[in-house]
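2 protein chains.
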Amino acid sequence: MKGYEDREFNAGKDFTENTAEPHYIYQGRIINVRNDDILLPNGKPAKREYVEHRGGVAVLAVDENGYVPVVRQYRYPYRAHLWEIPAGKLEVGEEPDDAIARELTEETGLRAEKIERISEFYPTCGYSNEIIRVYLATGLTYVGAKPDEDEFLEIKYIHIDELYEKCLSGEIKDGKTIVGVLKYFALKNKK
Amino acid sequence: MKGYEDREFNAGKDFTENTAEPHYIYQGRIINVRNDDILLPNGKPAKREYVEHRGGVAVLAVDENGYVPVVRQYRYPYRAHLWEIPAGKLEVGEEPDDAIARELTEETGLRAEKIERISEFYPTCGYSNEIIRVYLATGLTYVGAKPDEDEFLEIKYIHIDELYEKCLSGEIKDGKTIVGVLKYFALKNKK
Numbered sequence: 000m001k002g003y004e005d006r007e008f009n010a011g012k013d014f015t016e017n018t019a020e021p022h023y024i025y026q027g028r029i030i031n032v033r034n035d036d037i038l039l040p041n042g043k044p045a046k047r048e049y050v051e052h053r054g055g056v057a058v059l060a061v062d063e064n065g066y067v068p069v070v071r072q073y074r075y076p077y078r079a080h081l082w083e084i085p086a087g088k089l090e091v092g093e094e095p096d097d098a099i100a101r102e103l104t105e106e107t108g109l110r111a112e113k114i115e116r117i118s119e120f121y122p123t124c125g126y127s128n129e130i131i132r133v134y135l136a137t138g139l140t141y142v143g144a145k146p147d148e149d150e151f152l153e154i155k156y157i158h159i160d161e162l163y164e165k166c167l168s169g170e171i172k173d174g175k176t177i178v179g180v181l182k183y184f185a186l187k188n189k190k
Numbered sequence: 000m001k002g003y004e005d006r007e008f009n010a011g012k013d014f015t016e017n018t019a020e021p022h023y024i025y026q027g028r029i030i031n032v033r034n035d036d037i038l039l040p041n042g043k044p045a046k047r048e049y050v051e052h053r054g055g056v057a058v059l060a061v062d063e064n065g066y067v068p069v070v071r072q073y074r075y076p077y078r079a080h081l082w083e084i085p086a087g088k089l090e091v092g093e094e095p096d097d098a099i100a101r102e103l104t105e106e107t108g109l110r111a112e113k114i115e116r117i118s119e120f121y122p123t124c125g126y127s128n129e130i131i132r133v134y135l136a137t138g139l140t141y142v143g144a145k146p147d148e149d150e151f152l153e154i155k156y157i158h159i160d161e162l163y164e165k166c167l168s169g170e171i172k173d174g175k176t177i178v179g180v181l182k183y184f185a186l187k188n189k190k
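So the protein lines, in turn, are chains Z and V. According to numbering that gives the first Met the number 0, the first sequence is numbered sequentially starting from 0. According to numbering that gives the first Met the number 0, the second sequence is numbered sequentially starting from 0.
These are computed hints drawn from the structure, not numbers from a lab. Here the structure is a predicted model, which means the values were calculated and not measured. Be aware that a few hints might be false.
Stated by the list, open to error - Lysine-lysine pairs mimicking DSS-like chemistry, simulated, CA-CA at most 27 angstroms apart:
| no. | chain 1 | residue 1 | chain 2 | residue 2 |
| --- | --- | --- | --- | --- |
| 1 | Z | Lys155 | V | Lys1 |
| 2 | Z | Lys43 | V | Lys88 |
| 3 | Z | Lys113 | Z | Lys155 |
| 4 | Z | Lys12 | V | Lys165 |
| 5 | V | Lys88 | Z | Lys1 |
| 6 | V | Lys165 | V | Lys155 |
| 7 | Z | Lys165 | V | Lys113 |
| 8 | V | Lys187 | Z | Lys165 |
| 9 | V | Lys88 | V | Lys165 |
| 10 | Z | Lys155 | Z | Lys88 |
| 11 | Z | Lys113 | V | Lys1 |
Unchecked claim - From chain Z, some residues computed to sit far from chain V (all C-beta separations above 10 angstroms):
| no. | residue |
| --- | --- |
| 12 | Val61 |
| 13 | Gly92 |
| 14 | Glu93 |
| 15 | Glu115 |
What the hints assert, rightly or not - What the simulated footprint calls covered on chain Z by chain V, stretch by stretch (three residues with Cβ under 8 angstroms from a Cβ of chain V suffice, anywhere in the stretch; the number is not a length):
| no. | region |
| --- | --- |
| 16 | 77–90 |
| 17 | 132–138 |
Idealized CB from N, CA, C, for every residue including glycine.
From just these sequences and the hints, can you work out the full model?
Now the structure itself:
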């Protein structure tokens, strides 16, 4: 960039880190943990700790009145209840586009005429390989909720404008919810 | 919500999961991994796997011409180079508001007159306790970059409008970058 030459560096350089030796520390139910021996671009050895995760899906389901189902559940890592859009993990071998219809119906009892992917993002790229896909679901019909017995959750409906305000104010803390809602409005305002 | 009573349930219920026995699986450099025995709200035992992380900071630094430094680095978990806003992990005992000025100068050589927090979010609340704080830095002066020797990274400058487009198109995949950029525009458009 003209005028910024002194501040820019390493344009286009290859920083690939190659695996010297993979080391599995832990193979769990929802995550595996690795601490690989790798080689830095300069050939020096280093370690890379990270989590393997199958990936997640989340859905912003907006009905004809602008209302959206949101889910409150206890998130043990934070020792707190959080409000989120409906979401779930991919099952083994499951495609994200199939998983999302399943999750939406399981958690909220809704079926959607149209489900489109509006974001695919890397929540915390330093130590996890998780990919979260966020969908927009419209044309909603209520077919009856069948929440899993082991899912302790609250469902309520709030207007998309109110949800947007809560994302901006910081009341909503969940990353996938913030990404989904802000992107929904950004795409809408572009049209 | 009136008209949604049949679809809403468990309003205000307490779903707290209590720790029966913490189990540390791994204590690493940037993450610890736990697989705790917990008690579900109904008293039944269960397991909770998750990662402990000290938290991260990220900064959208916008200069008087609307240009923003972005960083490209190799992210081993994805086996890919990613573009991100400057960011880093908290050091032991370090306050986020102190860490961010340090990270900005270390990575880009910039000092800022004003650094304000614009977001605090939970990137992947199902299996990590990480909190990412995103800051907006303005009033920038270039004081010379001192990139760490072991940080293999490219720095370039792009206009904030172009960065926004890349967040919307999906070219930018990094969650903290998407949250920071979309929130910056959402807050700006509100004023």
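Structure versus earlier hints - violations, ascending order: 5 and 17
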